[in-house]
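**Student:** Protein sequences appear in the order of chains W and R. Heads up, the first sequence stops at 319 in this note's numbering, and the numbers go up one at a time, no gaps. Heads up, the second sequence stops at 1471 in this note's numbering, and the numbers go up one at a time, no gaps.
Hints may contain errors.
What the hints assert, rightly or not - With a straight-line Cα cutoff of 20 Å, these simulated SDA-like cross-link-like pairs (lysine to any residue) come out: (1) R:Lys1291 / R:Ala1343; (2) R:Lys1422 / R:Asp1300; (3) R:Lys1422 / W:Ser123; (4) R:Lys1422 / W:Gln118; (5) R:Lys1291 / R:Thr1129; (6) R:Lys1422 / W:Glu206; (7) R:Lys1140 / R:Ala1343; (8) R:Lys1422 / W:Thr175; (9) R:Lys1422 / W:Phe139.
As the list claims (entries may be wrong) - To be clear about the criterion: a stretch of chain R counts as covered by chain W if any three or more of its residues have a C-beta under 8 Å from a C-beta of chain W, and this derived list gives those stretches: (10) 1053–1060; (11) 1360–1374; (12) 1428–1436.
Hints are computed from structural coordinates only; laboratory data are not their basis. Ideal Cβ positions, reconstructed from N, Cα and C, are used throughout, including at glycine.
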Amino acid sequence: MSRVAVLEGGQSLERQVSLRSGARVRDALERVGHDVIAIDVGRDLVERLTSERPDVAFVALHGRDGEDGTVQEILELVGIPYTASGPSACMRCMDKVLAKHAFRDAGLPTPDFYAFSQTAFESLGAAHALPAIEERLDFPVVVKPAAQGSALGIRFAPSAADVPAAIVAAFSYDTKVLLERHVAGRELAVSVLDGADGPQALPIVEAIPRSDHYDFEARYEIGSTDFVCPAELDPQVAQRAQALALDAYRVLGCYGFARVDLMLETDTGELTLLEANAIPGLTETSLLPQAAEAAGISFAAFVERVIDLALAREPASTG
Amino acid sequence: MTIDETPRGPSSGGESPGMGRSRTTARDLERYAGLFARRTQGMKSSAMRDMMAITARPEVISLAGGFPDTSTFPPEDLAALMARVAADASARALQYGPTEGLDELKACIVEVMAAEGMDVGADELLVTTGGQQVIDLVCKTLIDPGDVVVAEGPTYPGAVPTFSAYQADVVQIEMDADGMRVELLEETLDQLEREGRTPKFIYTVPTFHNPAGVTMSLERRRRLVRLAAERELLVLEDNPYGLLRYEGDPLPPLYALDGGEYVIYLGTFSKILSPGLRLGWTAAPRPVLEKFNVGKQGADLCSSTFGQLFVVEYFAQRDWRDLLTHLRELYRHRLATLHDALAEHLPQGTEWTRPAGGMFVWATLPDYIDTSDLLARALREHVAFVPGRAAFLDGRGGSSMRLNFAGVGEDDLHEGVRRIGKVVNEQVRLYSTLTGTDPAPSRQPRDAAPVPTQEPGARVLPLRRRAGGER
């Protein structure tokens, strides 16, 4: 049995979700008999880590700091093994623009997009490029902050007139935004879990929102989205989606576990990659635990495996 | 819980005997989900509420709270009064009390209501656990799922979860500087009648509205009361702030105008003494009051006897008006500071209300700014406000925000508004860069704003800035 520090909370906008993920992880760890320390991540993080000397840290943080590689760098520095991906994979996952570039460079499908920093608009006159972009992407266009989870700040712009306000909203969350072609279709989430034989794609979850689109509320509230797991898909499509998720996982350099979100486009029947989450939600309504369950992996077994993977990894060799 | 009225603490779920350590319910929640009542689907936590949870950090200047100032109540007074309660009535203070409340406390309530020109008998009163419980009891007594409640738009954010929990269909009536537009109310009532629907009650905060800050004019008060009588509709008059007037002459409460026929009155000690006491009251027509009483028995049997005796002692030993005089002076200055800061730091195209009392100012930004998103940006500057959507059930209010000035010191008010101004100006500049428009548009009627909003209903209050109070 190990002494496990569960890192949770923090100051990101997804703090509450993280606390729920953390509580669930701690509960599972305690049931198995681990010695569990909860650390609400704040100014005293390094102090707590060095004084508590856990054998391993379970990172149950979402959003800024926790999911973007910052906390992982600190863990590398203090030499404590930790769950899930290393700093560079976290950075690539957290920044949708980096992730999409990585997909594109690797020849993986992802919806067309254009990304801009706030500086590009303020100092480089990028606003003049908007009409050209709008022409190429067609409406509706999806406007997203590059680095925000849980669908916060994502807007659909049905027409050109809606684009500026959507961009302003997205810049509330990050200094970089992307305009992406809207893909109408089915929303699929493929969770990936590492194991002795390398990463394995878990059964696919389809999210069917009851409201117009899959927003923050739908994602974390019981009863506002229907989840179907395994998703009812043509076996070949399911296989392709899982293979694509594994490709994405490898391209981004993920470790331990991650969740890859895809769209199955209605018009073309094509699969396309939206994003990957280095530390997907682990709450009672989250998709990865549902997928694991469908694969016969209980939440406790999932947590155990993730801890074992963390301990098996040489801290310095990650990246 | 509301997003802003209640401080968040570590959740203290029920103890499970035998389990030893604190059991999280999270793990098992999906198992319970199938057992939840349908009404819980309306009881949602939200992204916004999650965001509000991080406003509690010490480095954040929060204008989001619904808090009055409690820091200036002398601790030695609190100690002395509590000692008196212990010495004189220890056993009684520790015991259950009558559901309707202690007679001595009702005498205090009669006094407070008289100070606002209301004549009420002790037998027409029910002491409640905060004014909030009155809203709950009114819904519990009157609302079947789908029943219509008419409220102001915006409405008190803390009433929203109550309305939702009882599955009320809330219709919100636009306001202007003179409060709820009663002529629109009348139109809405006619429309509802044509649809064969009768609202169960009209919910209003006529004086120093939360969150809008405006006060209903005397003419509209009269018209509202007349309307209620003609159509035999109940009105819930929520009046926590009536005694917190900083300028101008008081207006009669609806309850005084109507004589308690169709108006249910909600009062509270929260703003004239302390919200920590959790003591409020309602005055209502007797048949309604009797149902409230039964409803309250089911909810909590009685409100804290200890708290009630504390208030009784406070009224006996002190002049309750003294604290009020002090608070008015304090808040008057804070309001002036907030107004100065808004004028200094917010860009053209921003409007805000000029309350003559109460605790809140309602500011409306250019309609391309979404205050829910803006809050995420503002939190990075360590400042918080309540996004306007919290005051609507239909997605409106997207470009407005509620600012509390009562519970925030003057330095923090100024600095907080400076930070809000910084992020608002940033977004205004960005928007004008994106659209190639004038970064400082002249103040023009909002209806003429050139940019369509995303939601058709998103254009909010035509509340205008006004000099010199609301009248």
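**Student:** Determine for every hint whether it applies to the structure shown.
**Tutor:** Hints versus structure:
1. Distance restraint check for Lys1291 (chain R) and Ala1343 (chain R): the Cα-Cα separation of roughly 48 Å exceeds the 20 Å cut-off, and the hinted pair is therefore not satisfied.
2. For the suggested pair Lys1422 (chain R) and Asp1300 (chain R), the alpha carbons sit about 46 Å apart, so the restraint of at most 20 Å is broken.
3. Of the pairs offered as hints, the one joining Lys1422 (chain R) and Ser123 (chain W) holds, with about 19 Å between alpha carbons and a cut-off of 20 Å not exceeded.
4. With a C-alpha separation of about 15 Å, the suggested pairing of Lys1422 (chain R) with Gln118 (chain W) holds against the 20 Å cut-off.
5. Note on Lys1291 (chain R) and Thr1129 (chain R): the hinted pairing holds, with a Cα-Cα distance of about 16 Å set against a maximum of 20 Å.
6. Taken as a hint, the Lys1422 (chain R) and Glu206 (chain W) pair is broken in the structure, with Cα atoms around 42 Å apart against an allowance of 20 Å.
7. Taken as a hint, the Lys1140 (chain R) and Ala1343 (chain R) pair is broken in the structure, with Cα atoms around 43 Å apart against an allowance of 20 Å.
8. Distance hint between Lys1422 (chain R) and Thr175 (chain W) is fulfilled; the C-alpha atoms sit about 15 Å from each other, no more than 20 Å.
9. With a C-alpha separation of about 32 Å, the suggested pairing of Lys1422 (chain R) with Phe139 (chain W) is violated against the 20 Å cut-off.
10. Only when three residues or more bring their CB closer than 8 Å to a CB of chain W does the claim for the stretch 1053–1060 of chain R stand; here the count is 3, and the claim holds.
11. A stretch counts as covered by a chain when three or more of its residues have a beta carbon under 8 Å from one of that chain; for the stretch 1360–1374 of chain R and chain W the count is 5, and the coverage holds.
12. Only when three residues or more bring their CB closer than 8 Å to a CB of chain W does the claim for the stretch 1428–1436 of chain R stand; here the count is 7, and the claim holds.
In summary, the structure is inconsistent with hints 1, 2, 6, 7 and 9 from the numbered list given earlier, while agreeing with the others.
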